[in-house]
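**Student:** The primary structure of each chain is shown beneath.
There are 2 protein chains.
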Amino acid sequence: MKKGKLYLIPVPIHSEDEFNSKFIPPYLTETINKLNIFAVENIRTSRRFLRKINPNFNIDQTTFHIIDKRTEDSEYSNIINSLTKGYDVGVMSESGCPGIADPGQKLCKLAHDKNIITKPLIGPSSIILALMASGLNGQRFKFHGYLPIEKENRIKEIKKIRQNTGAHIFIETPYRNQKVYDDLVQNLKPDDRKLCVASDLTGINESISTKKISELKQDKITLKKYPTIFILE
Amino acid sequence: MKKGKLYLIPVPIHSEDEFNSKFIPPYLTETINKLNIFAVENIRTSRRFLRKINPNFNIDQTTFHIIDKRTEDSEYSNIINSLTKGYDVGVMSESGCPGIADPGQKLCKLAHDKNIITKPLIGPSSIILALMASGLNGQRFKFHGYLPIEKENRIKEIKKIRQNTGAHIFIETPYRNQKVYDDLVQNLKPDDRKLCVASDLTGINESISTKKISELKQDKITLKKYPTIFILE
Chain A
1 MKKGKLYLIP VPIHSEDEFN SKFIPPYLTE TINKLNIFAV ENIRTSRRFL RKINPNFNID
61 QTTFHIIDKR TEDSEYSNII NSLTKGYDVG VMSESGCPGI ADPGQKLCKL AHDKNIITKP
121 LIGPSSIILA LMASGLNGQR FKFHGYLPIE KENRIKEIKK IRQNTGAHIF IETPYRNQKV
181 YDDLVQNLKP DDRKLCVASD LTGINESIST KKISELKQDK ITLKKYPTIF ILE
Chain B
1 MKKGKLYLIP VPIHSEDEFN SKFIPPYLTE TINKLNIFAV ENIRTSRRFL RKINPNFNID
61 QTTFHIIDKR TEDSEYSNII NSLTKGYDVG VMSESGCPGI ADPGQKLCKL AHDKNIITKP
121 LIGPSSIILA LMASGLNGQR FKFHGYLPIE KENRIKEIKK IRQNTGAHIF IETPYRNQKV
181 YDDLVQNLKP DDRKLCVASD LTGINESIST KKISELKQDK ITLKKYPTIF ILE
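So the protein sequences, as listed, match chains A and B.
Note that the working numbering has the first sequence beginning at 1, numbered continuously upward.
Note that the working numbering has the second sequence beginning at 1, numbered continuously upward.
Next comes chain A alone, as it looks inside the complex:
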């Protein structure tokens, strides 16, 4: 029997209120319209996204599986079973690319174990958008995910990161942006090294700023609570 495919579907990274179909490659909409099984991080927001993509999307005939930290192996087995039986499945996280700092990785891993085709679709990645626009080293970079929450450990990690060359990328939950920013600026030497702060990417309040640490030390900057990517080089 022909197996289904596992489609990795990126969703917008700007605020839901600013939904703009012009940001969506048409083949993504076409793919979504053919699917009726989804593995998602959040059912409610996924339903809203599907209705924005296609106001006539048949939500009632659609199966949603939740994939997050609490998902049990049996649920993953259910999804893999559907794929093995020939049904295509779409994976969507809350925003951006599934599988990258977001759920989806485990499902892909299981799909490869069963020789199921995984099909990544083009969409927004805040990591890549920030790096493209930062002017920092795109030839060699490292994504660290979140820095430690506890201040002392965070500072230790910042100092460790600084010892390595290339661009270092990390993310933070919006309400901790200021803390991370202050710790970075305070704990780096006032030199020519640079920090890029990229906020609300693709949103109406997008801002991408790359400055030397020596410059940043002179101004007290207040960050707003938008999703933010930090890149240190």
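It should be emphasised that the hints constitute simulated quantities derived from the structure, not laboratory data.
Ideal Cβ positions, reconstructed from N, Cα and C, are used throughout, including at glycine.
You may find that some hints are simply not true.
[To be verified] Facing chain B, a subset of chain A residues (Cβ under 7 Å, in silico):
#, residue
1, Ile122
2, Gly135
3, Lys142
[Claimed, not checked] DSS-like mimics (lysine-lysine), calculated; alpha carbons at most 27 Å apart, straight line:
#, chain 1, residue 1, chain 2, residue 2
4, A, Lys211, B, Lys114
5, B, Lys109, A, Lys106
6, A, Lys212, B, Lys106
7, A, Lys142, A, Lys160
8, A, Lys160, B, Lys3
9, B, Lys119, B, Lys156
10, A, Lys142, B, Lys212
11, A, Lys109, B, Lys159
12, A, Lys109, B, Lys179
13, B, Lys189, A, Lys106
14, B, Lys159, A, Lys159
15, A, Lys142, B, Lys211
16, B, Lys189, B, Lys217
17, B, Lys189, A, Lys114
18, A, Lys114, B, Lys225
19, A, Lys109, B, Lys224
20, A, Lys5, B, Lys225
21, B, Lys119, B, Lys2
[As the list claims (entries may be wrong)] Going by beta-carbon spacing under 10 Å, a handful of chain A positions derived as facing chain B:
#, residue
22, Ile24
23, Gly104
24, Gly123
25, Met132
26, Ser134
27, Gln139
28, Gly145
29, Leu201
30, Tyr226
Following the hints, complete the assembly by docking chain B onto the known chain A.
**Tutor:** Chain B only, in chain A's frame:
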């Protein structure tokens, strides 16, 4: 005077012959149609891309600046001057996202120095597409660019990379795919660690395979000469 914006424009990563406008978010086409100054890696392919985006694109009224390894500072100054005078400029590499393992970074850097807004647009990144679909660690990953060309140094680098956790991503020019693959499989222990080989992403011959090193050691695999991303975890 209002400064221009520097638009970072991703271009398709599959073969030019397979151009499909369904892969392009509509706002990218709209942005391109408004521009008449571009900084590009290759003028000929950029012209062809613009004509595919819009068959009526006014190529004759368009200025192209080449940005590559040989570009002199004076040419960068010309581009920055246009931006300072209020003209928008688009940056395009041969394929994928400019500034990431491709020219564009230096221009972005200079733009930030002059407080010119850099505006990244959504498009294909082979690094991100491969990582999304690999089932490997998207929470913590490192992009190494190209491995050393010389066999002995390449093997040394592979052994060094393996000592660190997380996903390790590297690229190769298509005609060296097989050499890199063979060196990887031969120089890694036959264990549960995994290698993803992602070739011709978004193209008609796309293949994404993630296997344990122990499995790969049992089969002699022949890679085709498509652009390929390797991810080792």
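**Student:** Indicate, hint by hint, whether the structure satisfies it.
**Tutor:** Here's how the hints hold up against the structure:
1. Proximity of A/Ile122 to chain B holds as hinted, the smallest CB-CB distance being about 5 Å (cut-off 7 Å).
2. Hint status for A/Gly135 relative to chain B: holds, with the closest Cβ pair at about 3 Å, below 7 Å.
3. For A/Lys142, the suggested interface contact is upheld, since its CB lies about 4 Å from the closest CB of chain B, less than 7 Å.
4. Using a Cα cut-off of 27 Å, the hinted pair A/Lys211 and B/Lys114 holds, with the two alpha carbons roughly 11 Å apart.
5. Of the supplied pair hints, the one linking B/Lys109 and A/Lys106 is violated, its CA atoms being roughly 37 Å apart against a limit of 27 Å.
6. Among the hinted pairs, A/Lys212 with B/Lys106 is consistent with the structure: their alpha-carbon atoms are about 15 Å apart, no more than 27 Å.
7. Among the hinted pairs, A/Lys142 with A/Lys160 is consistent with the structure: their alpha-carbon atoms are about 13 Å apart, no more than 27 Å.
8. With a C-alpha separation of about 38 Å, the suggested pair A/Lys160 and B/Lys3 falls outside the 27 Å cut-off, and the hint is violated.
9. With a C-alpha separation of about 39 Å, the suggested pairing of B/Lys119 with B/Lys156 is violated against the 27 Å cut-off.
10. Using a Cα cut-off of 27 Å, the hinted pair A/Lys142 and B/Lys212 holds, with the two alpha carbons roughly 23 Å apart.
11. For the given pair, A/Lys109 sits about 24 Å from B/Lys159 by alpha-carbon distance, which is consistent with the 27 Å threshold.
12. Simply put, A/Lys109 and B/Lys179 have alpha-carbon atoms about 26 Å apart, close enough for the 27 Å limit, and the pair holds.
13. Between B/Lys189 and A/Lys106 the alpha-carbon distance is near 23 Å, which keeps this suggested pair within the 27 Å criterion.
14. Of the pairs offered as hints, the one joining B/Lys159 and A/Lys159 holds, with about 26 Å between alpha carbons and a cut-off of 27 Å not exceeded.
15. Note on A/Lys142 and B/Lys211: the hinted pairing holds, with a Cα-Cα distance of about 23 Å set against a maximum of 27 Å.
16. Straight-line distance between C-alpha atoms of B/Lys189 and B/Lys217 comes to about 9 Å, which keeps the hinted pair within the 27 Å bound.
17. Under the criterion of a C-alpha separation no larger than 27 Å, the hint pairing B/Lys189 with A/Lys114 is consistent with the structure, at around 23 Å.
18. Straight-line distance between C-alpha atoms of A/Lys114 and B/Lys225 comes to about 26 Å, which keeps the hinted pair within the 27 Å bound.
19. Of the supplied pair hints, the one linking A/Lys109 and B/Lys224 holds, its CA atoms being roughly 24 Å apart against a limit of 27 Å.
20. With a C-alpha separation of about 25 Å, the suggested pair A/Lys5 and B/Lys225 falls inside the 27 Å cut-off, and the hint holds.
21. Proposed proximity of B/Lys119 and B/Lys2 is supported: the alpha carbons are some 15 Å apart, at most 27 Å.
22. For the restraint placing A/Ile24 at the interface with chain B, the shortest Cβ-Cβ distance is roughly 6 Å, inside the 10 Å limit, so the hint holds.
23. For A/Gly104, the interface hint holds, since its Cβ comes within 10 Å of a Cβ in chain B; the closest pair sits about 7 Å apart.
24. Taken as an interface hint, A/Gly123 checks out: its beta carbon lies about 7 Å from the nearest beta carbon of chain B, inside 10 Å.
25. Interface restraint check: A/Met132 against chain B, minimum CB-CB distance 4 Å, threshold 10 Å, status holds.
26. Interface restraint check: A/Ser134 against chain B, minimum CB-CB distance 7 Å, threshold 10 Å, status holds.
27. Satisfaction of the interface hint for A/Gln139 is found here, the shortest Cβ-Cβ separation to chain B being roughly 5 Å, below the 10 Å cut-off.
28. Using the Cβ-Cβ criterion of 10 Å, the hint placing A/Gly145 at the interface with chain B is satisfied: the shortest such distance is roughly 5 Å.
29. A distance limit of 10 Å between C-beta atoms decides the matter here; for A/Leu201 the minimum to chain B is near 7 Å, and the interface restraint holds.
30. At its closest, the beta carbon of A/Tyr226 sits 15 Å from a beta carbon of chain B; the interface hint therefore is violated under the 10 Å criterion.
Checked against the numbered hints listed earlier, the structure breaks hints 5, 8, 9, 30; every other hint is satisfied.
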